[in-house]
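**Student:** Work out the full structure: start from the sequences and follow the hints.
In the order they appear, the protein sequences are chains Z and U.
Sequential numbering from 1 applies to the first sequence in my numbering.
Sequential numbering from 308 applies to the second sequence in my numbering.
The reader is advised that the hints may include incorrect statements.
[Said to hold, decoys possible] Covered stretches of chain Z (chain U as the covering partner; in silico rule of three or more C-beta atoms under 8 Å from a C-beta of chain U):
#: 1; stretch: 40-50
#: 2; stretch: 184-198
[As the list claims (entries may be wrong)] Pairs of lysine-lysine residues, derived as DSBU-like cross-links and limited to a Cα-Cα distance of at most 35 Å, are as follows:
#: 3; chain 1: U; residue 1: Lys412; chain 2: Z; residue 2: Lys299
#: 4; chain 1: U; residue 1: Lys576; chain 2: Z; residue 2: Lys53
#: 5; chain 1: U; residue 1: Lys576; chain 2: U; residue 2: Lys412
#: 6; chain 1: Z; residue 1: Lys299; chain 2: U; residue 2: Lys576
[As the list claims (entries may be wrong)] Pulled a few chain Z residues facing chain U out of the computed Cβ check, cut under 8 Å:
#: 7; residue: Phe62
#: 8; residue: Val118
#: 9; residue: Ile125
#: 10; residue: Val130
#: 11; residue: Leu133
Calculated directly from the structure, the hints in this document are not laboratory data.
We put the beta carbon where it would ideally sit given N, CA and C, even for glycine.
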Amino acid sequence: MRSLSIAAPTSPPKRRHLFLTPYLFILPAALLFIVFMLYPLVDAFRISLYDWKIVPGANSPFVGLDNYTRAFQDDVFWIALRNTVLYTVVTVPAQMILAMLVALALDAVPRGRVFFRVLYYLPVITSWVVVSLLFKYMFDSTEAGIINYFFMRIVPVLHEPVPWLREAGPALIAIMALGVWKGIGWSMVIFLAALQGIPHELHEAAMIDGANGWQRFWNVTIPLMRPTIVFVLVLLIIGGFNVFISVYLMTGGNPVHRTETMLTYMYNESFNFLEFGYGAALSYILAAIIFVISFIQLKVLRNPVEV
Amino acid sequence: MPRSARIFSNTLLYTALALGALVMIIPFLYMLSTAFKGQVYVLEVPPSFLPEQPTVQNFIDAWQSNNFSRYFGNSLLVAVATTALSTLVSAMFAYAFARFNFIGKNLLFYAVLLTLMLPNLMLIIPEFILVKNLGLRNNLIGLVIVYLAFSIPLNTFLLRGFFEGLPRELEEAVLIDGGSYWTIFSRIVLPLSTPALATVAIFTFLFAWDEFTWALTAIDDPASRTLPVAIATFQGQHLTQWGLVFAASLIAIAPVILVFITLQRYFIKGLTQGAVRG
Numbered sequence: 001m002r003s004l005s006i007a008a009p010t011s012p013p014k015r016r017h018l019f020l021t022p023y024l025f026i027l028p029a030a031l032l033f034i035v036f037m038l039y040p041l042v043d044a045f046r047i048s049l050y051d052w053k054i055v056p057g058a059n060s061p062f063v064g065l066d067n068y069t070r071a072f073q074d075d076v077f078w079i080a081l082r083n084t085v086l087y088t089v090v091t092v093p094a095q096m097i098l099a100m101l102v103a104l105a106l107d108a109v110p111r112g113r114v115f116f117r118v119l120y121y122l123p124v125i126t127s128w129v130v131v132s133l134l135f136k137y138m139f140d141s142t143e144a145g146i147i148n149y150f151f152m153r154i155v156p157v158l159h160e161p162v163p164w165l166r167e168a169g170p171a172l173i174a175i176m177a178l179g180v181w182k183g184i185g186w187s188m189v190i191f192l193a194a195l196q197g198i199p200h201e202l203h204e205a206a207m208i209d210g211a212n213g214w215q216r217f218w219n220v221t222i223p224l225m226r227p228t229i230v231f232v233l234v235l236l237i238i239g240g241f242n243v244f245i246s247v248y249l250m251t252g253g254n255p256v257h258r259t260e261t262m263l264t265y266m267y268n269e270s271f272n273f274l275e276f277g278y279g280a281a282l283s284y285i286l287a288a289i290i291f292v293i294s295f296i297q298l299k300v301l302r303n304p305v306e307v
Numbered sequence: 308m309p310r311s312a313r314i315f316s317n318t319l320l321y322t323a324l325a326l327g328a329l330v331m332i333i334p335f336l337y338m339l340s341t342a343f344k345g346q347v348y349v350l351e352v353p354p355s356f357l358p359e360q361p362t363v364q365n366f367i368d369a370w371q372s373n374n375f376s377r378y379f380g381n382s383l384l385v386a387v388a389t390t391a392l393s394t395l396v397s398a399m400f401a402y403a404f405a406r407f408n409f410i411g412k413n414l415l416f417y418a419v420l421l422t423l424m425l426p427n428l429m430l431i432i433p434e435f436i437l438v439k440n441l442g443l444r445n446n447l448i449g450l451v452i453v454y455l456a457f458s459i460p461l462n463t464f465l466l467r468g469f470f471e472g473l474p475r476e477l478e479e480a481v482l483i484d485g486g487s488y489w490t491i492f493s494r495i496v497l498p499l500s501t502p503a504l505a506t507v508a509i510f511t512f513l514f515a516w517d518e519f520t521w522a523l524t525a526i527d528d529p530a531s532r533t534l535p536v537a538i539a540t541f542q543g544q545h546l547t548q549w550g551l552v553f554a555a556s557l558i559a560i561a562p563v564i565l566v567f568i569t570l571q572r573y574f575i576k577g578l579t580q581g582a583v584r585g
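**Tutor:** Right, dumping it as structure tokens:
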């Protein structure tokens, strides 16, 4: 940076040029970011304070926080919140535990890592639309559905076909099964990279000290992977609260709103019932929940000491 | 560990891994086989994995009917435009964060971090109103602009981290020789960052290629549909023609799987970059 401080006083035009340079670099992205990201973010809050009418010329009355209080008195809101929390509480640990097991196994085997990684990662790169339709087909309510067939004939635990997507409980199970199946590969790849970054010496030292595999996992592997685990946990929880496409395409929130999640309810209220003010309030409530949870996790779980 | 014990444990591990992998790919195999089945066999009991009379009719029908080739073209156009523009403007943005001081730098960066955490979908209402007022509904430009805005935060965040790790000496040498910052950026920084740019580009392409909700909301005109919306609508229209739906789905995911298998290391790098460093 020395060259700059020497050159600057002797050439004033260049200095002005240098002053402008950063702004030229940020201009296109900052403009897009501000107009299509920050402005909508603020605008969503403004909309949530109105009984918003999308129809041209219609008057939208200001209603203050009514849309927010309405949510807390709305039964469907609580169903949607409960389903969203349930989805997150079930799918996040399931994904992480299974992904960790696969990553540990792949870290231990001598060959075939790349091959298995591709197979486990395929669901991750496949679009939500395609896998949601695929699971809808697999969870068909008749005996022709492959899941029903499997549990009636191959592993006979069912006596008659389960009407999977027609009833709330089974439908949520199908939706969560999709979430776990699609997500394992993502966490696994990140865990595997972290595992491979752990120096062998540490394991050897622990072995010399007489630690068995289980003890090494808890006392060497887990502490060293802590930042990675926290990162994956935070992102998966955010993702869990954002569950949308699978529910929208598999059940549409039905039967009678019983599989609704926060985002499907927000979307249906906004774009099917044109309740934009209420929809905006619902998205702000969801964003607030996500923000608080992520903030708490980062405060509580992030290891203050660098390893 | 003695040799025999190691062979035993490896066999166990491979068996477990193979079983898990089977669960991962069985749905794909089922989709593949359904796509090659004639309509009569689609919901047969027992369900079968090997179509009795395999046919490519579903693929031909899917491609020819319902403007499918047009949707493919729309998706390709939107994804390529989003990827090229987002990678360029995010790189410029990230470079400014990594190397310059400017008014509002910290504030802007915190705003970027904040939007990384929030669901894009919470913006869908104001975004819809904004795009409607700008007259960009039913227009692929309306898709590209919003995808750009959605992808800029993450791309900027990833590239800023990479740029900060580049040595400054080369850049300073260019300045001493009278080169501008644009020269440094385009001749030195970008070429040195090919792996990071490739990672960002791949993820952006994937995002734009697969995005469903905004495209569903912004586009009513069937001629401007993208693939994900077209496939979902397809399923709604042809309720039980699963062979057709999956043939269309396979056409849509084939390019992604191909790109993934050839450019795997960039995918992995993109995933693990922010993560492992904590």
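**Student:** Now, for every hint given, state plainly whether the structure supports it.
**Tutor:** We went through each hint and held it up to the structure:
A stretch counts as covered by a chain when three or more of its residues have a beta carbon under 8 Å from one of that chain; for the stretch 40-50 of chain Z and chain U the count is 5, and the coverage holds. Beta-carbon proximity to chain U at under 8 Å applies to 8 residues in the stretch 184-198 of chain Z; the threshold of 3 is reached and the given coverage holds. As the CA atoms of U/Lys412 and Z/Lys299 are separated by approximately 24 Å, the hinted pair is consistent with the 35 Å bound. A C-alpha spacing of about 46 Å is found between U/Lys576 and Z/Lys53, which places the hinted pair above 35 Å, so the restraint is violated.
Our distance criterion of 35 Å between C-alpha atoms is met by U/Lys576 and U/Lys412, whose separation comes to about 27 Å. For a cut-off of 35 Å, the pair hint linking Z/Lys299 to U/Lys576 stands: about 27 Å separates their Cα positions. For Z/Phe62, the suggested interface contact is broken, since its CB lies about 17 Å from the closest CB of chain U, more than 8 Å. A distance limit of 8 Å between C-beta atoms decides the matter here; for Z/Val118 the minimum to chain U is near 6 Å, and the interface restraint holds.
The beta carbon of Z/Ile125 comes within 5 Å of a beta carbon in chain U, closer than 8 Å, and the hint placing it at the interface holds. Among the interface hints, the one on Z/Val130 holds; its C-beta lies about 4 Å from the nearest C-beta in chain U, closer than the 8 Å criterion. With a cut of 8 Å, the hint placing Z/Leu133 at the interface with chain U holds, because the nearest CB-to-CB distance is about 5 Å.
Of the numbered hints given earlier, the model fails hints 4 and 7; all others are met.
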